[in-house]
Amino acid sequence: MKYKRLVSLWLIIVNLLLIVSACSKEPEKTVKTEFLMDTLMELTAYGPNGEKAIDAAMKRIKEIDVLMSVSSETGDVYKINKAAGQDPVKVSDETMYVVQAAQHYSQLSEGAFDITIGPLVSLWGIGKKEEVPSQAAIDSTKALVDYRKLRIDASAGTIGLPERGMSVDLGAIAKGYAGDEAVRIFKEYGVKNGIISLGGNVVVVGTRPDGKPWRVGIQNPFKPTGNYAAVVKETDKTVVTSGTYERYFIKDGKRYHHILDPSTGYPADNGLASVSIIAGKSIDADALSTTVFLLGPEKGMEIVEDLPNIECIMITNDKRITVSSGLQDKINITDKDFVYEEGR
Amino acid sequence: MKKGDRILLLVIAIAVMVGYGTLYYRDNISDAKATGAIIKTGNDIYKEIPASRMQKDDIFTVEIAGGGYNTIEVSAGRIRVKDADCIDKICVNTGWIDKPGEIIVCLPHKLTVQIMGQPSGVDSVAY
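Going down the list, the sequences are from chains C and R.
Counted the way the working numbering counts, the first sequence spans residues 7 to 350.
Counted the way the working numbering counts, the second sequence spans residues 22 to 148.
Worth flagging that the hints you see were computed from the coordinates, not collected in a lab.
Check the hints yourself; a few may be wrong.
List of simulated lysine-lysine pairs, DSS-like, C-alpha gap at most 25 Å [to be verified]:
1. K103(R) / K135(C)
2. K134(C) / K24(R)
3. K260(C) / K110(R)
4. K35(C) / K218(C)
5. K110(R) / K229(C)
6. K239(C) / K35(C)
7. K35(C) / K120(R)
8. K135(C) / K110(R)
The following label-pair restraints were derived from C-beta to C-beta distances [what the hints assert, rightly or not]:
9. N64(R) / D312(C): 41 to 51 Å
10. S141(R) / D93(C): 48 to 58 Å
11. D159(C) / Y90(R): 33 to 43 Å
12. S331(C) / G87(R): 47 to 57 Å
13. P219(C) / N64(R): 27 to 37 Å
14. P219(C) / I28(R): 46 to 56 Å
15. K336(C) / S141(R): 43 to 53 Å
Positions of the beta carbon are idealized from the N, C-alpha and C atoms, including for glycine.
Given only the sequences and the hints, what does the whole structure look like? Please build it.
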């Protein structure tokens, strides 16, 4: 009897220990959401410093928002645009860094992506108003868009626009920079596992707490946010999507979205519904998702194949998915509505 | 074994089973099953609708602090923004949501309607 009792006691203890260890296998998780940079931010961090890391990252994102938004009067971008047609203005180091990166992608795409898209963005005002501008207004505004006229003096730390009415817009790249900064802060605070989602720009930090790679879904462009068409598994990477479903208005049955083509002055209309870029740095992925979208399915994929450590997923309006060569065996198409087109 | 011991053992055995059951549920079932919904304005929780109330038809209007409204409808386990006076109507166009991880965002009004719980099969969605 005594022996039996000992055995059952022992079993109970082992069971309890198992449960305790199973419960504690996942480290403390902190999630916070906030509306910043005109979009929804969701930061997730694991480990004891999670909350502090998230608060510090949010604070940094707010600073970047002020520096780089077109509307905050104390920021660099506002100052650059206000001084258009006058002398160049002195900017902070981080604004210089982001403007140079944006100028790099403007040059790489020969203006398909254009850092001086500002006048067209405000003419259309997608998300603020709902009218199609007149052709005359589009033509005269389009003439103000030309990245080759932007004056960047890195040694003096100044940026200038030579003509009145010109303006820079970092809307297609600033969130990417903010994502990189959030990662830097997470690491400073010793956060080894986390997910940063800045309005759908996803950056995964490290691995999942269980050591496996993070599973990142690629938004299904035709369903509510959170429904995905495909899944990629990544560690310490960023996945940024540009899609026609993010910001748009519908007029007379036609959809006018926020990805404006500097060459036509209208929203890009090339058969693509979304472009997702996977990269090491979010500033590159953010700029490239727009750049590749504007270059279109063929030229866009070519540029991706030429760039090292950059991968791409394209989804077309007729529900076909094409990916860059480095992803061919890695992507998992989970939604059967989509047709996977292999190789190009 | 005395009677008291048996009761104690039984209690512990049940506790163990409940414990394992909870763990199994958390790891295998909970993330795939539709739960309640949560409505936020800005960074504040406006309303939480538990899973049990999602089957009950309901309609209510959220007044936005800076002016404006979003009318929310709950029906048959689903939720949507039925109407809003925001500029782009993207929240209304999104339609019904009912799966964990699905979210309706009204950027002009800083309003979100989200089905609680993690989306099944992924840790995050790039949109």
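A quick look at each hint next to the structure:
| no. | hint | in the structure |
| --- | --- | --- |
| 1 | K103(R) / K135(C) | holds (21 Å) |
| 2 | K134(C) / K24(R) | violated (74 Å) |
| 3 | K260(C) / K110(R) | holds (14 Å) |
| 4 | K35(C) / K218(C) | holds (16 Å) |
| 5 | K110(R) / K229(C) | holds (15 Å) |
| 6 | K239(C) / K35(C) | holds (20 Å) |
| 7 | K35(C) / K120(R) | holds (22 Å) |
| 8 | K135(C) / K110(R) | holds (11 Å) |
| 9 | N64(R) / D312(C): 41 to 51 Å | holds (42 Å) |
| 10 | S141(R) / D93(C): 48 to 58 Å | holds (56 Å) |
| 11 | D159(C) / Y90(R): 33 to 43 Å | violated (49 Å) |
| 12 | S331(C) / G87(R): 47 to 57 Å | holds (48 Å) |
| 13 | P219(C) / N64(R): 27 to 37 Å | holds (30 Å) |
| 14 | P219(C) / I28(R): 46 to 56 Å | holds (48 Å) |
| 15 | K336(C) / S141(R): 43 to 53 Å | violated (20 Å) |
When each numbered hint is compared with the structure, violations occur for hints 2, 11 and 15.
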